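Colleague: Could you put together the complete structure from these sequences and hints?
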Amino acid sequence: MMFHYQPTLNNIKMNMNKLTCFKAYDIRGKLGTELNEEIAYKIGRAYGQIYQPKTVVIGCDVRLTSEDLKQATIRGLNDAGVDVLDLGMTGTEEVYFGAFHLDVQGGIEITASHNPMDYNGMKLVRENARPISADTGLKDIQSLAESEQFIEVEKKGTTQKYNILPEFIEHLLTYIDPSKIRPLKLVMNAGNGAAGHVVDAIEEKFKALNIPVEFIKIHNHPHGTFPNGIPNPILVENRDSTRNAVLIHHADMGIAWDGDFDRCFLFDEKGQFIEGYYIVGLLAQAFLLKQAGEKIVHDPRLVWNTLDIIEQYQGIAVQSKSGHAFIKDVMREHNAAYGGEMSAHHYFRDFAYCDSGMIPWLLAILVVSETQQSLSSLVEGMIERFPCSGEINFKVEDTQKTIQKIFDHFADLNPAIDQTDGVSLDFGAWRLNVRASNTEPLLRLNIESRADKNPKPMQNYVDELTQLIQG
Numbered sequence: 001m002m003f004h005y006q007p008t009l010n011n012i013k014m015n016m017n018k019l020t021c022f023k024a025y026d027i028r029g030k031l032g033t034e035l036n037e038e039i040a041y042k043i044g045r046a047y048g049q050i051y052q053p054k055t056v057v058i059g060c061d062v063r064l065t066s067e068d069l070k071q072a073t074i075r076g077l078n079d080a081g082v083d084v085l086d087l088g089m090t091g092t093e094e095v096y097f098g099a100f101h102l103d104v105q106g107g108i109e110i111t112a113s114h115n116p117m118d119y120n121g122m123k124l125v126r127e128n129a130r131p132i133s134a135d136t137g138l139k140d141i142q143s144l145a146e147s148e149q150f151i152e153v154e155k156k157g158t159t160q161k162y163n164i165l166p167e168f169i170e171h172l173l174t175y176i177d178p179s180k181i182r183p184l185k186l187v188m189n190a191g192n193g194a195a196g197h198v199v200d201a202i203e204e205k206f207k208a209l210n211i212p213v214e215f216i217k218i219h220n221h222p223h224g225t226f227p228n229g230i231p232n233p234i235l236v237e238n239r240d241s242t243r244n245a246v247l248i249h250h251a252d253m254g255i256a257w258d259g260d261f262d263r264c265f266l267f268d269e270k271g272q273f274i275e276g277y278y279i280v281g282l283l284a285q286a287f288l289l290k291q292a293g294e295k296i297v298h299d300p301r302l303v304w305n306t307l308d309i310i311e312q313y314q315g316i317a318v319q320s321k322s323g324h325a326f327i328k329d330v331m332r333e334h335n336a337a338y339g340g341e342m343s344a345h346h347y348f349r350d351f352a353y354c355d356s357g358m359i360p361w362l363l364a365i366l367v368v369s370e371t372q373q374s375l376s377s378l379v380e381g382m383i384e385r386f387p388c389s390g391e392i393n394f395k396v397e398d399t400q401k402t403i404q405k406i407f408d409h410f411a412d413l414n415p416a417i418d419q420t421d422g423v424s425l426d427f428g429a430w431r432l433n434v435r436a437s438n439t440e441p442l443l444r445l446n447i448e449s450r451a452d453k454n455p456k457p458m459q460n461y462v463d464e465l466t467q468l469i470q471g
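For the sequence shown, full-length UniProt numbering assigns the number 1 to the initial residue and increments by one for each residue that follows.
In short, the hints are calculated from the structure, not lab data.
If you're wondering where the values come from, they're calculated on a predicted model, not measured in any experiment.
Careful: at least some of the hints might be erroneous.
Claimed, not checked - Think about it this way: if two alpha-carbon atoms lie no more than 25 Å apart in a straight line, the pair counts; the simulated DSS-like pairs of lysine-lysine are:
#1 Lys217 to Lys207
#2 Lys54 to Lys139
#3 Lys139 to Lys30
Stated by the list, open to error - Derived CB-CB ranges, DEER-like:
#4 Glu167 to Ser377: 31 to 37 Å
#5 Phe150 to Ile417: 22 to 28 Å
#6 Lys205 to Thr33: 52 to 58 Å
#7 Lys18 to Asp452: 54 to 60 Å
#8 Phe150 to Glu127: 18 to 24 Å
Idealized CB from N, CA, C, for every residue including glycine.
Modeller: Here it is, written out as structure tokens:
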């Protein structure tokens, strides 16, 4: 059987442009050289001139440079004739919410999420929080910001502050039935990022509604220097504080967020970190229990557990290339109730198909309450039936050459091949997906197996692929 890997456009490195902070899905760059207030102004000015919105919302995370970058972006927007509602310090999803909930035509969040301290960035959306990525307008903004062919407007825009938090909290509570929540103790780790003020507001609302949930808050105060480390719980070394707090306080669940809280990560009552892959299955189950026949969108990196849950609860599975712009577009196309990525991004139709780091844990406590089961008992069966490696990253000199090497190595086994995103090879009893990162010189590997068809330990596959990739 002949194999030949054909890299997609997203795997081919883009030529270096004058403004190198523009990426495939957002804006992200090193402070000073790649992103500064002058560049932020140009981005705001270009956004306003291209889309010509009447009003946009804007917010920023807690990083020390974010407020200044936000103000520069606002000046650019105002000079393009755009009125601005300044939401203050927010998570990305508060901007998303404002962009579809209020009478505005777009939104911008200044955030570097989980990137190093010397970075910052932006996430941009149009009307109804539709994403702006390289294929849907980001390149146009880049071109205009680089050329500086700005048109002077007769009337400049104005800016006013707006507190979106009360309306955002009210929306979040529509995803649960407060009367069904049983007594729970939750560890909440905001990582000194932007999530803390929302956690506080939900706690206050729970108390007012007599919802019997106790919050154990750690690293809750926003701090632009991240004294307890960059909030990125997907890294193993960043999980101890949440795990230890769960065990010390005998909590039912732990929740940790990244810097702009568009991703949340769950820990069970034993302090065990739950891979995002299995949370996709759990949330798919939550939606299909409410309404069988709904469409669920998933990415192709790890799929078997998700497909099993969707079939079991009579849903319809739809596969999409990973990445928020692709997932959102596919969800809109198919009117899907929920979309999930193993990277802990979860998307919701009733949230304008946007990703949220607050809705998932609310749904999780609802499922735990309604089933009267612990979080570990809900996911242990999934983990046993479909063990996975989690995503493993490799630094390689040539990603395309390495992928071809993997193709050639397994050619004689005649696997089923899927190239929705990178390359997936399905051997029946086990499966792998390998793809090049869009943003870093990395090769990303995911492996899963079927326990009923394969007694071989997952580590054996990991060792074999590691040796092949690094050999």
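Colleague: Are the hints correct? Go through all of them and say.
Modeller: Each hint tested on the structure:
1. Pair hint Lys217 plus Lys207 holds up; C-alpha atoms about 15 Å apart against a cutoff of 25 Å.
2. For the proposed pair Lys54 and Lys139, the alpha carbon gap of about 22 Å is at most 25 Å, so the pair holds.
3. This hinted pair checks out: Lys139 and Lys30 have alpha carbons roughly 19 Å apart, not beyond 25 Å.
4. Take Glu167 and Ser377: their Cβ atoms lie about 36 Å apart, and the range 31 to 37 Å holds.
5. Roughly 48 Å separates the CB atoms of Phe150 and Ile417, a value that falls outside the hinted 22 to 28 Å.
6. Lys205 and Thr33 have their C-beta atoms about 43 Å apart, which leaves the hinted 52 to 58 Å range violated.
7. Roughly 55 Å separates the CB atoms of Lys18 and Asp452, a value that falls within the hinted 54 to 60 Å.
8. Taking 18 to 24 Å as the suggested C-beta distance range, the pair Phe150 and Glu127 conforms, at roughly 22 Å.
Violated hints, listed in ascending order, are 5 and 6; each of the other numbered hints is respected by the structure.
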